[in-house]
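Grab the two chains, each in its own frame, and use the hints to assemble them into the complex.
Residue numbers (numbering that gives the first Met the number 0), protein chains in the order written: chain S, 0 to 118; chain F, 0 to 374.
Please keep in mind that the hints were generated in silico from the structure rather than gathered at the bench.
None of the values given here were measured: they were computed from a predicted structure.
Facing chain F, according to a computed beta carbon distance under 8 angstroms, are these residues of chain S, among others:
#1 Gly29
#2 Asp30
#3 Val32
#4 Glu35
#5 Val51
#6 Val55
#7 Ala58
Backbone N, C-alpha and C fix where the C-beta goes; we use that ideal spot for every residue, glycine too.
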Amino acid sequence: MKFTEEHEWLRVEDDLVVVGITEHAATALGDVVFIELPDEGTTVSKDDEVVVIESVKAASDILAPLDGEIVEVNGPLAEDPGKVNEDPLGDAWFFKMKVDDMSALDDLMTEAEYKAHIG
Amino acid sequence: MTALNKTPLYDFHISQQAKMVPFAGYDMPVQYPLGVMKEHLHTRAAAGLFDVSHMGQVMLTSDQGLEALCLALEALVPVSITGIAAGRQRYGVFTNEAGGILDDLMIANTGDALFLVVNAACKSEDIAHLKANLPAHVTVSEITDRALLALQGPSAETALSRLVPSVTEMRFMDSHRIDVDGTEWWISRSGYTGEDGFEISLPADAAEAFAQTICDMDEVAPIGLGARDSLRLEAGLCLYGHDIDTTTSPAEGNIAWAIQKVRRTDGARAGGFAGEARILAELDGAPTRLRVGLLPQGRAPMREGTPLFASQDSADQIGVITSGGFAPSLEHPIAMGYLPIELSASGTEVFAELRGKRLPVHVTDMPFRPSTYKR
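Excised from the complex, chain F in its bound form (with noise of 0.2 angstroms):
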């Protein structure tokens, strides 16, 4: 068995008495001692901190400009990356040649370079992926140099604008390089919790410094992963290898919003992306299945692999559910799973079996809970 990596505020986890699991690789705090329940509820009612430094952060530069970095990025990415404006950041997935999800990534314009974030379980493979299909032209790194955290909630911006007072002009998803002590930090003002918030890349020699700074201030506590998972599955915020992965498409993933028009049918860059034949078809028709909000009827909650049936008896599973628990701020149970699209709409039911028992369940909106971004 290999050694776990340790995130620069491993040493910062352990002082805070969190308790550590293996998680893609690293160390992980799960949760800290005010548990899940309360980490999640103060995050929605404060600020909650979040180590996300085993991300991977990786800059991309070319030597014939920014605009031929963008083009050359969305052969991989089917969103409109030119249409990044600098300072800005978008949401998108890297595709395979089958359409579906190799993984989901947030890009950023820097001005002069593409900064991206993908996830922790994915980035040899995406970072191995970037370097094999972009033109020699473009040049990747992987920066190893950094933190990544997250501060969400409704006291985030209070908390960081004491020590970082211009993330008051940012807007959401705005990304902004910001001169903090002489040291550069990279502000996004995103995150995957629903929350207004931020994400911060900054130095990892700074990081413990800040966490501890950030988190003695009265809104701020630090968060661990199982509510960092409870509060995006509020948000309706898709899980890479769970709730999306290389056999789902961006519309069936329910995605598609992702996807400019401009990269579409008749758009002026459309297609020209790994899996455009069939991506491109069922943004023009449907996909035959697709990711749905589902409300448990009951109270047990219904977790990842929960089968779902069309009816009480009978025999054919219809779909799966991929994200699923009990969600704290709306004190119900609450998942999302792939249906047939022609069980989709919002407020069908089906039934999911639960230790034997079929169970109904509702198809909801999403998210479950309203996102409180600072659009």
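Pulled out of the complex, with its shape left as it was, chain S reads as follows (with noise of 0.2 angstroms):
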């Protein structure tokens, strides 16, 4: 697994790279109550904003952590929004991409480095 500087991580399956939220991001955001996820199909570069999650608290973006298409959404999240808070790492995956560059992924953070990042 590998982890961005906004508390993503990603996860090989095949040849498509799936995409979530860490469990310190999720502890930080509060109660998930709402999830807007991008189009299936959506060619995306990377730190654009594709994924609207709002908490009680308030809303953020999560960004796409590569260049890439969006080739799987994972709706049954958006109908429960709470999987954020109680499975990050596994049921509560946001989209899965066709990365243009999967040696990109050799730049982002490994999961050792990630707990330095966030203390």
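Dropping the structure here:
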């Protein structure tokens, strides 16, 4: 698993990258009550705002971690946003993307580096 | 940057592992480990303890007696102050010459004085306003040696009566001075959550022991500012600086109910308050815009500042959301905002622009959730 400074995790499944947010981010957001997912087939560039996630407190954006195409979104998550707090690393993934350049993953943080990053 | 003030409960909040944030010059708990959603639901189901010590507590006295004091305050607050019976309190607003609202406040008749509770962010201006505009026979004293706590929820009476048995005899908006272990507590049956409950002004040095004792009871959990905001929003109550401010009048703010007949046109003590020309004209007729309850039709919360439009494609903004978010008790987003009076009827459909999309919003009656006051 790889991690971004924006508290996203990336997991490679076959030739796709699955993206979600970390437990640290889910805790910081508080109770998640709404998620707006992108359309499947959307082409994104790194740092594009692709997901809107709202907690009882505030709205936040989730950014595209890499260049590529959104090929699948987690539809059931939009119906049950609280899953983000319950299982951020598992069921509460946001989208799967086909990444233009898989080697770009190497530049992201490892789990140990991420843990050091959040202190 | 100036250091943040701390309330007498600061150490208590830290001991309860609160997440602290700056609020109106104070370091305040925004939530505890329970989290905003569960704190909100706990208050609705049992009881929550809120530290509201950052709010201003002000005592007004007069050497000419209570009647003269009440009449003097009526020049600044367009409600009937002389009509507040001893041991009762009433909601009011300070108005300006333009008919806007300087702050909203609670006013209690203690029997020989008036006790005011004002908003934290406004308190220094309010006190300056009182001192500058009340006659010389009135003494304005800020109370700084007391904490102010709110205990809210259906189990509030059960919990508080274990320590202060006589609170069971109080009804909504009663305000009593009660001897507790040789000190005087000022307890009102009121709050700002839509729930039955109490606000308790007690000596600062007694606050932590009280908070600890009451939170040790099964019914009671400490509740932060996050849930305080969602609770008052569900109750349809105004937050000063957001839903009402110096540009909104009492009629626009939909708090005309707070202005008794006696202060209105043809009343025995009509007018005589700051901004009376606009305020009375709007009460006699209608304001051009009105604060309304709004029900977003989708699942997306709509927050303060979201612009409102009459239709999907109309160019001109017609209003704005002033408070909004997710309502934990309703499991649905809710909001309040201003709309032109002709679009303010319950059921009217307007559109909010959220992230470039126009989404339908319905005007709805408030409160969003019925209040449970013990009248």
